[in-house]
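Asks: Residues per chain, in single letters:
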Amino acid sequence: MRRIGVFVCHCGSNIAATVDVKKVVEMALQEQGVVHAEDYPYMCSEAGQVRIAEAIREHQLTGMVVCSCSPRMHEATFRKCAERNGLNPYLVEIANIREHCSWIHKDMAEATEKAVILMRAAVAKVHLNAPLQAGESAVTKRALVIGGGIAGIQTALDIADAGYKVDIVEKEPSIGGRMSQLDKTFPTLDCSACILTPKMVEAASHENITIHTWSEVEKVSGFVGNFTVDIRKKARYVDMDKCTGCGVCQEKCPSKKSLNEFNRGLNTRSAIYTPFAQAIPNVPVIDATACIKLKTGKCGICEKFCQVGAINYAQTDEIITEQYGAIVVATGFDTIKLDKYGEYAYGHSKDVITSLELERIMNAAGPTKGHLERLSDGKAPKEIVFIQCVGSRCSDDRGKPYCSKICCMYTAKHAMLIRDKYPDTNVTVFYIDVRTPGKNFDEFYRRAVEDYGVNYIKGQVGKVAPQPDGSLLVHGVDLLENKQILKKADMVVLATAIEPNADVRKIATMLTASIDTNNFLTEAHPKLRPVESPTAGVFLSGVCQGPKDIPETVAQAGAAAVKVIGLLAKDKLKTNPCTAKADELRCNGCSQCANVCPYGAISYETRLVNDHGIREDRRIAVVNSALCQGCGACTVTCPSGAMDLQGFSNRQLIAEVDAICR
Amino acid sequence: MNKVEEIKTISGVNPLKCMKCGKCSASCPSFNEMDIKPHQFVTYVINDDVEALANSKSAWKCLSCFACIERCPRDVKPGKVIDAARQILIRQRGQEGLSADEIPALLDEETPQQLLMSAFRKYRR
Amino acid sequence: MKYSYFPGCTLRNKAKDLDDYARACAEKLGFTLEELTDWQCCGGVYPLGADEIASKLPSVRALNGAKEKQQDLVAVCSACYHVLKRVNDDMANVADIQTRANNYMALSEPYKGEAKVLHYLEVLRDKVGFDNLKKQVVNPLTGRKIGAYYGCLLLRPGSVMNFDDPENPTIMEDFIRALGAEPVVYPYRNECCGGYISIKEKEHSAALCRRITDSAAGFQADCLVTACPLCKYNLENNSELPIVYFTELLAEALGIKEVR
Amino acid sequence: MPVTENWKPTIVAFCCNWCSYAGADLAGSSRLAYPADVKIIKVPCSCRVNPMFILRAFEKGADGVILCGCHPGDCHYSTGNYYARRRMTLLFSMLDYLGVEEGRTRVEWVSAAEGVKFSETMNSFVEKVRALGPNVRLGDLRCKN
Chain A
1 MRRIGVFVCH
11 CGSNIAATVD
21 VKKVVEMALQ
31 EQGVVHAEDY
41 PYMCSEAGQV
51 RIAEAIREHQ
61 LTGMVVCSCS
71 PRMHEATFRK
81 CAERNGLNPY
91 LVEIANIREH
101 CSWIHKDMAE
111 ATEKAVILMR
121 AAVAKVHLNA
131 PLQAGESAVT
141 KRALVIGGGI
151 AGIQTALDIA
161 DAGYKVDIVE
171 KEPSIGGRMS
181 QLDKTFPTLD
191 CSACILTPKM
201 VEAASHENIT
211 IHTWSEVEKV
221 SGFVGNFTVD
231 IRKKARYVDM
241 DKCTGCGVCQ
251 EKCPSKKSLN
261 EFNRGLNTRS
271 AIYTPFAQAI
281 PNVPVIDATA
291 CIKLKTGKCG
301 ICEKFCQVGA
311 INYAQTDEII
321 TEQYGAIVVA
331 TGFDTIKLDK
341 YGEYAYGHSK
351 DVITSLELER
361 IMNAAGPTKG
371 HLERLSDGKA
381 PKEIVFIQCV
391 GSRCSDDRGK
401 PYCSKICCMY
411 TAKHAMLIRD
421 KYPDTNVTVF
431 YIDVRTPGKN
441 FDEFYRRAVE
451 DYGVNYIKGQ
461 VGKVAPQPDG
471 SLLVHGVDLL
481 ENKQILKKAD
491 MVVLATAIEP
501 NADVRKIATM
511 LTASIDTNNF
521 LTEAHPKLRP
531 VESPTAGVFL
541 SGVCQGPKDI
551 PETVAQAGAA
561 AVKVIGLLAK
571 DKLKTNPCTA
581 KADELRCNGC
591 SQCANVCPYG
601 AISYETRLVN
611 DHGIREDRRI
621 AVVNSALCQG
631 CGACTVTCPS
641 GAMDLQGFSN
651 RQLIAEVDAI
661 CR
Chain B
1 MNKVEEIKTI
11 SGVNPLKCMK
21 CGKCSASCPS
31 FNEMDIKPHQ
41 FVTYVINDDV
51 EALANSKSAW
61 KCLSCFACIE
71 RCPRDVKPGK
81 VIDAARQILI
91 RQRGQEGLSA
101 DEIPALLDEE
111 TPQQLLMSAF
121 RKYRR
Chain C
1 MKYSYFPGCT
11 LRNKAKDLDD
21 YARACAEKLG
31 FTLEELTDWQ
41 CCGGVYPLGA
51 DEIASKLPSV
61 RALNGAKEKQ
71 QDLVAVCSAC
81 YHVLKRVNDD
91 MANVADIQTR
101 ANNYMALSEP
111 YKGEAKVLHY
121 LEVLRDKVGF
131 DNLKKQVVNP
141 LTGRKIGAYY
151 GCLLLRPGSV
161 MNFDDPENPT
171 IMEDFIRALG
181 AEPVVYPYRN
191 ECCGGYISIK
201 EKEHSAALCR
211 RITDSAAGFQ
221 ADCLVTACPL
231 CKYNLENNSE
241 LPIVYFTELL
251 AEALGIKEVR
Chain D
1 MPVTENWKPT
11 IVAFCCNWCS
21 YAGADLAGSS
31 RLAYPADVKI
41 IKVPCSCRVN
51 PMFILRAFEK
61 GADGVILCGC
71 HPGDCHYSTG
81 NYYARRRMTL
91 LFSMLDYLGV
101 EEGRTRVEWV
111 SAAEGVKFSE
121 TMNSFVEKVR
131 ALGPNVRLGD
141 LRCKN
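Protein chains in written order, with the working numbering: chain A, 1 to 662; chain B, 1 to 125; chain C, 1 to 260; chain D, 1 to 145.
Do not rely on the hints blindly, as some may be mistaken.
[As the list claims (entries may be wrong)] In silico lysine-lysine, BS3-like type, Cα no more than 27 angstroms apart, as pairs:
1) K483/A - K17/B
2) K400/A - K8/B
3) K127/C - K116/C
4) K165/A - K242/A
Since the hints were derived computationally from the structure, they do not count as laboratory data.
Since we're looking at a predicted model, the values are computed, not measured.
Whole structure, please, built from the sequences with the hints as guidance.
Replies: In structure tokens:
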């Protein structure tokens, strides 16, 4: 019989205000095997842990239950406390009487009754807990960063500077990401390329960083410290080693009608191209869907003009397989499609554009060479209307329920830049709320209003009506004046909601990292573990986790790097001892367990078994505990009940069921 | 049932979903005819001031064109609130927006039956 | 192909053209409109109130009639289409309305939104096909610039009507193109003409109509096409532009307008 | 059906550690209430839930059993929830024969970010079970041990 101690935490008033903790203690003492029970305001505090230590010694506890917050919060705390005091950590169970009880119930009697039942279930389980020893696994001292935007670059640089190898996988022909498309940045008006390019160069020249552009992650297996990743290096049709980046091929290419993705499709590019001048690597790719040679076999002009013979039409996709200890997701964002927002005439009028398109128009390397022009007729706009929250903060099925966070600030930036460069152009911003929480952010917005005369109107726009004369009639409202506004504009800019990159779902599935309903990756804890995925060894950097501006992204990228460095600095990792184990007397070697194991952790060996005096050679399932992740699929599949999961055994779970239904 | 609850029941609208963006008012073809503007409808419900809403001109000015309902980013459907206010009015005797005596003078050669039918539905019980 | 047909109050009288051409063109295009025997006026406007049942019953009767004949229910008038479709949606998805309406109706088998409501234009688009329609045109309307006027009732609310993109519809433009004319896209084609308000407040409706027709004329439309008798009435009272029913345009292109 | 006035159902919820248990935690920290009748048992993955556990719960007097896991495609162990889905489909199809009505069992996918969904799911499930009343049909057949 176990000697069990039950420790009931008040969590200040978080638990004690709704659960009668004294009653829980009283009821615990009536449970079989419970030799000690007590309550304390903060069990997790040092003083609380001292009480636990004393109780373990005084009552020679061989098991313990802590009735407290979620095990996701403090299971590790209490297990370490037990271990320090000579009790195997896996003889500790948590009854979650906070998140699953006191915080969701109001009636004290009801909550107390439930807390008692949860306590009983934990006690029943602990009776059957076995002391477990964590094994060890080696750590591959190399990290993978998926995505080569500012988030990925910063994470990679920080990891590399700490002395670890990092690979960046970027699906576009160049690293740089969204930031490379921006013209200026807030809340100072730095040129985006001027501050990003040095980082790109640093990453490319860093001895610890390997960059795979025009590449995608194809397959991920393994677990923390030991991931195996297949990377598809898409055919570039250009030899990276030979190409000098002279650019002649792009000039000579006769296929020039492909939409330029980097300029958001506002102009065209050649079939062989580098997305932008500062591209890294400065090696073009051939767009196979546009290349005349690859489509028809005729042409070959780029090959003819390439002086170093770098063009290779025979190149094919290549899959490389690499080992990593940690993986960082930095897949970034895109703007949402606006096809459901017909009222704003986007797609109908060329002069209704998104903010990201305006970035390209304002940029010297953009489709208008940096001149602010209407895309319809090339004229300089004299009246520009900005519409905020297009697709953000929506609870209908057209938009996103969240605030995209960056729009208020970049709109202030755009407005200011336009008023600065084109003082004759009037700028009106229709807003719902102006959100400027950030260092120097509100000051920045106020400058737009006070120093640059940008006209901010509180109210949303209902419709943008293109007029026969080519202008746009904006039907808005001024809520403070309580008036409908009809504003004639030459250009309308939509602050379009952002959403996680479309590929992120596929990547999350490969990594078994969880994702929320908006396709943002979920962090392990919303406050305390913001850069870790719940999946061990997977970390989050940048907008893939939630909307962020550049300073926040860079900060989070550094934080993710620190977490990776902390992991890679370890030579060995403790493995989860809650692994599957086969009972050799019951196993009949049928192989069904191996069929369902996602980790290939189960093999079979022929072993001499003594089955009640009968000695014979039998085929027995053997679980490799370093590979087993403890899901339990095999335990339910096993037809003879031989396979069981340590820490979540059939008997333990049934004991919990029985205690709850008692 | 008090008036606020009645409006909520008839309209099926949860006024608390509104984020006061004004897109309804920006879209409303009757905005200038209304004393209480579309974006204010829900505020009156929230403030329990259904009396003012029912006494306002707006109840008779809404065209039920559903532009506000279509474009509302919060799925609040402000047009349904004003229609519910109108319903409350016409369900009270003597509170109708069109009397039978008025009608002959309002018709012309081309008036389609549809106009008469919908006007009856909108103005009268 | 046979469809149950709901002509509606106005098509019996003032909008006889809309009705006659619809039937004649249907026969020409290979489908038949079988008028429901006991249809009653839909009421012209959809009763928005969640607690209004009686005013929805005429629609339920028509819908159930189509269900019993195992036919889709076709309407030509925008208002009828709007009311029938929304009541049908209620009968399929709103348990309270379904129960209470069925209690009134006392049908042999309760009606639960089984019928499918189609607008005549949807039949042309989805059943006949605009490509096919184009082949049957004998008098292509070449050179004519026609603006589609959708109004409110065909499109909104988009989540229930599912007729076309409520802010950027294309069905009427595709229809106009199939007849050989050039569609004129103008921004106010889905804005309200004033609807029923014109019975008492002619100026209010007039202002809205003028915005619509001025915009269409500004984009060089030489006529507007509509599916709604009330829209036609309101627009006609306030515009230089001719306003025609889409079925009339169809009859003209199919060469059966004169024959009638 | 003899429903006593103060009858409260006993409901067992198996939640996977990675998604649904975390979703329940989020419901808790967001203070999204659901009835205290629900008692959660943590399992590493929904595929750890042996159909025998569910039968055991009913045998011991549970009035409803719900199994929650990660959304299809999002399983922490890649495929566990698919196994769970198949097993439960098969089990549930036989439960009526065993005397347990269809509404007393449910499988629901709740992610770690879906505190609202967790709470709504539990509310609607409890409501359903309450409407069904005590699990007397199996109770009559129950083998007491």
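Asks: Next, verify each hint and record whether it holds.
Replies: Each hint, compared with the structure:
1. K483/A - K17/B: Satisfied, since the Cα-Cα distance of roughly 23 angstroms is no more than 27 angstroms.
2. K400/A - K8/B: With a Cα-Cα distance of about 26 angstroms, the restraint between K400/A and K8/B holds, given a limit of 27 angstroms.
3. K127/C - K116/C: holds (13 angstroms)
4. K165/A - K242/A: This hinted pair holds, its Cα atoms lying about 25 angstroms apart.
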